[in-house]
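Chains as they are written, first to last, in our numbering: chain A, 1 to 283; chain B, 284 to 566; chain C, 567 to 849; chain D, 850 to 1132; chain E, 1133 to 1415; chain F, 1416 to 1698.
Just to be clear, a hint being listed does not mean it is correct.
[Unchecked claim] In silico DSS-like cross-links for lysine-lysine, where the CA-CA straight-line distance does not exceed 27 Å:
{"#": "1", "chain 1": "E", "residue 1": "Lys1210", "chain 2": "F", "residue 2": "Lys1493"}
{"#": "2", "chain 1": "F", "residue 1": "Lys1457", "chain 2": "A", "residue 2": "Lys20"}
{"#": "3", "chain 1": "E", "residue 1": "Lys1152", "chain 2": "D", "residue 2": "Lys891"}
{"#": "4", "chain 1": "C", "residue 1": "Lys586", "chain 2": "B", "residue 2": "Lys303"}
The set of hints was computed from the structure by calculation and includes no laboratory data.
Protein chains: 6
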Amino acid sequence: MQVSNSERANILVQALPYIKKYAGATVVVKYGGNAMLDDELKSAVMSDIVLMQLVGINVVLVHGGGPEINAMLKRIGKESKFIGGMRYTDEETIGIVQQVLAGKVNKDLVQLLEDAGGRAIGLCGLDGSLLKADRLEEDLGFVGEIREVNVDILRDAAQNGYIPIVSTVAAGYHGEVYNINADIAAARIAAELGAMKLILMTDVCGLLRNKDDENTLIPVVNVSDVRRLKKEGVINGGMIPKIDCCVDAVRRGVNRAHIIDGRIAHSILVELFTDEGIGTMFY
Amino acid sequence: MQVSNSERANILVQALPYIKKYAGATVVVKYGGNAMLDDELKSAVMSDIVLMQLVGINVVLVHGGGPEINAMLKRIGKESKFIGGMRYTDEETIGIVQQVLAGKVNKDLVQLLEDAGGRAIGLCGLDGSLLKADRLEEDLGFVGEIREVNVDILRDAAQNGYIPIVSTVAAGYHGEVYNINADIAAARIAAELGAMKLILMTDVCGLLRNKDDENTLIPVVNVSDVRRLKKEGVINGGMIPKIDCCVDAVRRGVNRAHIIDGRIAHSILVELFTDEGIGTMFY
Amino acid sequence: MQVSNSERANILVQALPYIKKYAGATVVVKYGGNAMLDDELKSAVMSDIVLMQLVGINVVLVHGGGPEINAMLKRIGKESKFIGGMRYTDEETIGIVQQVLAGKVNKDLVQLLEDAGGRAIGLCGLDGSLLKADRLEEDLGFVGEIREVNVDILRDAAQNGYIPIVSTVAAGYHGEVYNINADIAAARIAAELGAMKLILMTDVCGLLRNKDDENTLIPVVNVSDVRRLKKEGVINGGMIPKIDCCVDAVRRGVNRAHIIDGRIAHSILVELFTDEGIGTMFY
Amino acid sequence: MQVSNSERANILVQALPYIKKYAGATVVVKYGGNAMLDDELKSAVMSDIVLMQLVGINVVLVHGGGPEINAMLKRIGKESKFIGGMRYTDEETIGIVQQVLAGKVNKDLVQLLEDAGGRAIGLCGLDGSLLKADRLEEDLGFVGEIREVNVDILRDAAQNGYIPIVSTVAAGYHGEVYNINADIAAARIAAELGAMKLILMTDVCGLLRNKDDENTLIPVVNVSDVRRLKKEGVINGGMIPKIDCCVDAVRRGVNRAHIIDGRIAHSILVELFTDEGIGTMFY
Amino acid sequence: MQVSNSERANILVQALPYIKKYAGATVVVKYGGNAMLDDELKSAVMSDIVLMQLVGINVVLVHGGGPEINAMLKRIGKESKFIGGMRYTDEETIGIVQQVLAGKVNKDLVQLLEDAGGRAIGLCGLDGSLLKADRLEEDLGFVGEIREVNVDILRDAAQNGYIPIVSTVAAGYHGEVYNINADIAAARIAAELGAMKLILMTDVCGLLRNKDDENTLIPVVNVSDVRRLKKEGVINGGMIPKIDCCVDAVRRGVNRAHIIDGRIAHSILVELFTDEGIGTMFY
Amino acid sequence: MQVSNSERANILVQALPYIKKYAGATVVVKYGGNAMLDDELKSAVMSDIVLMQLVGINVVLVHGGGPEINAMLKRIGKESKFIGGMRYTDEETIGIVQQVLAGKVNKDLVQLLEDAGGRAIGLCGLDGSLLKADRLEEDLGFVGEIREVNVDILRDAAQNGYIPIVSTVAAGYHGEVYNINADIAAARIAAELGAMKLILMTDVCGLLRNKDDENTLIPVVNVSDVRRLKKEGVINGGMIPKIDCCVDAVRRGVNRAHIIDGRIAHSILVELFTDEGIGTMFY
């Protein structure tokens, strides 16, 4: 890149109003998709997070880990079974889910963030009873529905200067463990923390009016228009649950929820620190 | 049990001087062996830990998990290989070790402790770079030797009222992860925290002069006598590394190190709150 | 006593839920009767109090001292005169009352508690204007009725880690001093502190349906039933003022008020830390 | 008095450098003699103390009470017996001493100070184990020699905004109580607190070169000259122990010790807030 | 002056209730007129302010500086122009006003106060955006009307132990600066700080019923009587804006507003610390 | 500028290690020359300062104001007189210097910084006795030499979130005021604050080996080489006093001192946040 030092300084200065705006604010990032698989993107996300912390943002990173779970299940010769898009989770499976998410994916991210210069702490819904859940539906096994979100442990961690990284398994009320959809957990945690922003990293560039044409991106959506957009078929398929999370977060008090394109390096920073932003914003 | 209320009160009162003595002190408990396998013993340990916290002790729980690792390796069809008593740990194995310890054993303990009324947080050597390590020996693979112990994350957790539960995988200096012996890690953490006590829960009743006769228990050992006891063959076999940990901890400033019998329910409380104590104490 | 170490540990663990429940709570104990005369009971009370403090309870000890006052009056050749159960208190008498309560009984208790390992501070209603009073009835002399309870001095003492021991003489508004019934003062102090419990130590085993049969103990009384129990004659004689104090405390916001048998060693601990409790509880 | 408002303001302003100098400093006042017997002087001392607190001085008031003790002993028909100027104190006597000092004299002063607008707390050597003592001489009975001075309780009280008033009975190491000379106790407390000043209120106008001529007052004495002044007979009789206290306090780090004339109203203020001061200063 | 030490002490003691009353309170003093021109009066005001701080009053000093501005304008050959009693302030003039007030008068006072033993900090309406203003009237130029009063900077300064001295130039919303009447600014600052008192130092002895007879001073005025007093002509001429400031301050929550005679040395102290006070008080 | 969002994000990320390095550090900037005269540069400096504060740097801005002083002196018809490069400062002149620096230049900067989104407080050497000085040389009049630097007022301001802007007039010991060279004052303040960096903004691009060829810039100088560079004539003329300040600061403990080119927009940011830096660094 051929950018002069003076241009660099200019760019820093242009970020000023955004840095000011977010100083002290809480931003919950749901991390997933390609941004979690590609090493270069991964490393870009880590520096984005560290930068956010340095300029005074309280970041909470919530992650999923479908591909890693599938791989592990395969290694023990267990077939992944999905019912209506959700993983059927028997007792053996929830054990694998827990150890892959909370032990492998989570702690690997902790190490990456520490190595990128951040201070990270890897938590799951069991720590400090962060997430308490009941069974969502009888026939899905240990798939949970959130009943309580106790964010004290996240607040304490942030106050001590750590970036909490959260795996979304939850504690049941009888010693059992539940798998929780990470988008939903991120939305609920953001709400409970009174976050200024919820950012969902996805593998699409945002909500498109015509899903085959990236030029039809809808940059801003009022949550009260979501019902109409669903009827019109603009919001459909895999976008429905993601956008429902955004709507839920906004209705519970989060200022802005964003669906951004995790396939682009530093898309979080672009969203936070430029005039145009990126992806689709719900308010 | 036929203990009258008045006797109960008397017993509480007899614990008084010990409660006073340990108020505000740090005690590191290495948890392992049968006490971690038997459900009743497990639940007894959990209430012991919660009680310790309630009377003002800062407890740190360090755990291993050999049997769970073996079981998982077996499930993926991988043979456990040991060299000189230590697990040969290739890249695939360290991945399994990490996820089983930090994701399964650790978080299960967190949930148990939370359900017993404690406030727990599950950490490993990667969190806050708690344990930094190098390769111990070339031919053992990812078995690590501790280079740094950064206990800030444990102090912060304790200060916020959490009981930290620690899995002993450590961060390498090049993004790799190492498996660390849990006794050694517990000793080093105890030293770095300036702990008053290190307690190693084992499956023996302590150091015996005649290993086949429990009546020959040596209740107290000055660390300067350890060398002689090794020569005499009193300390031998599997006791050597455990006692070396105790000696190391005491030399680094821990007041007392204990080898206690984890097969007896509430052995920790007996050690802490009765005149006789239990097992063997090193000072 | 032949209690094994393991039973001891079990008993400590059984106290766990109670220790948890009372952590940080305020308990006001009215100390009097035999428990204050018998040396062994006295020493048992002192260890109970120290234990309570160690497990995180804010204890306030309020005491009377009738027998000591009588003895001193006798030594100066002054007859004790009672009107309707209350001591007629002329100017000479109130002087003796003050010095015996605040100077002898109070400070002796301070010394006992310090020697038992507690940190104690001896106060009376004059210190920090803790109790302000007016004359109760013209013909009783310096017997007072409480007008103000300023508990700042108790809160400050507790915050600094002291157990306040309180003599119930009160400051008048014109430089005079009043004698205050210790049960009443304890109830009012408990209310003002928002105490969780008020415990009155007496020389009876509680409220008995048939006062000659200890097997007819009523363990729990709803304060709204007190009027009926008085009508029925179950509450009568010397129990009336004591129970009125309990009712008053509960109505002013104290969670539970107890009449317990001070003649039994460690009756406070039995009340606090066992399932059955002891004596009669008002709620 | 015919002082104009402008003169009043001037006088306040002239106190300015002294107020500045003493802000935050600790001053220990030994209160006794006529200033404690005469009602008008008493009330003047009380306002002096309150004023000192208001301008930011940490005052500690230490008092004796010989006349009150004598009167009480007389009332119970007990003769006061003195050996070498010190009261012979048998067990009955120490009981009376304790209750008169800690219960009557002390708490009466507390009430006076509270009524004068101060916040006072009445303590003795037993509270918080402030004074620990051994027997001074076998044949004096319970007359003590100070072994420990634990001023935490005074610091805590001052920090919370209270003026501690201290009776000088001390705790023995075996549950017994000792009578302590109040001048000596004041000097030791001043030293332990790192006081800027110790002020002994007496019934003389200070150290006189010719004890019958008040015009021969020696306003300032270097403690290293005391020995010579004793030899010369200038320091003699009842002045010796008082001056020894001053010397002891200065040698233990108190900046200035003063013997002032308690028979003059507001002599403390005159000492603190005027150029000339009053009485004799030891440095 | 021939005042004995004992009378001095008495005078200090008589100030006691006032010192108590004002401890921790905020007092805003508008400093101006002769008290700011005469060196002796100036130095008296400085000691008054330092004394106030020492006895625990949070003082804020607000000053004008008309004569100094006129002198400077004259030196650069610029004529002072007044419209309806207010200075016509073109761009050149506001520059001079700002530098004379904030750079000369203000910082000279800072130095005087520091030299008198106080800790002072010199601020103006621009610092921390303390005063934000709009143009008052088109034809007066840069004469401002206050829109916002942001007293954080004053609170922070007081909390750190500084006496803030304030020049009343204000920040406009477009980078321009406005001259603000100092009486008005003092009243608004007092209100915003929740001050207990506003004291306006003037060159009159207060509100006189007959302005030529100082014996007709009205010592106390209820703000609801001001309208009537204006109608009656008692309040007229230059007193009108000053009294309007007092009324405004009282209506906005300041307990008392005073017009006092700055020509008398220590008039502030006389007002604060004597029974009679001085000048006219509005409540 | 045609920089894509992704490039922007990259640039932010590249600043990361520098932001981390300076977080919590103190940087003293001496502001002067063209950067203070040109409106665009001025506004660039203001955003640089605000950005520095936002990313956690404690900035202190020290400024001069020669041109503004000259202009004012001219307006009052006073000739500027220089002796050996230093302004001859008679009493009239120091009055003007004070009011122009502390009242005009300083407070204008405060307003600019506030309007740029910072929180600023305008101080001079008189506030909190920040700078105490004596006369430097008899024949220079009120030109001062620093005797004391009391940075408490700067620390308090920084702690409360303000950027202190400092005019370098100092308080004499007899009520007089001195003019202080701003470079020298900045160096002394940096040293006293234990600053990580001192940055002198000048109108040259740094130290040049050949002063007519900007390509001969010496980017880094060890302070021990300064003497040799002076001998060689590389350091000469107006650079001597500036470089002496840098050397003085480094010798007094400032990590790095920089001479940077204030004529380039955002030169401070370029120095702080790029690999190459700008100008000449002394260490």
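Exercise. Given the proposed pairing of lysine 1210 of chain E with lysine 1493 of chain F, does the C-alpha separation stay at or below 27 Å?
Worked result: Holds, because 16 Å separates the two Cα atoms, which is no more than 27 Å.
Exercise. Taking only the CA atoms, is the gap from lysine 586 of chain C to lysine 303 of chain B under or equal to 27 Å?
Worked result: The given pair, whose Cα atoms are some 17 Å apart, holds under the 27 Å limit.
Exercise. Do the alpha carbons of lysine 1152 of chain E and lysine 891 of chain D lie within 27 Å of each other, as the hint requires?
Worked result: Roughly 20 Å separates the two Cα atoms, so the pair holds.
Exercise. CA of lysine 1457 of chain F to CA of lysine 20 of chain A, is that 27 Å or under?
Worked result: Holds: lysine 1457 of chain F and lysine 20 of chain A sit about 20 Å apart, inside 27 Å.
Of the numbered hints listed earlier, not one is contradicted by the structure.
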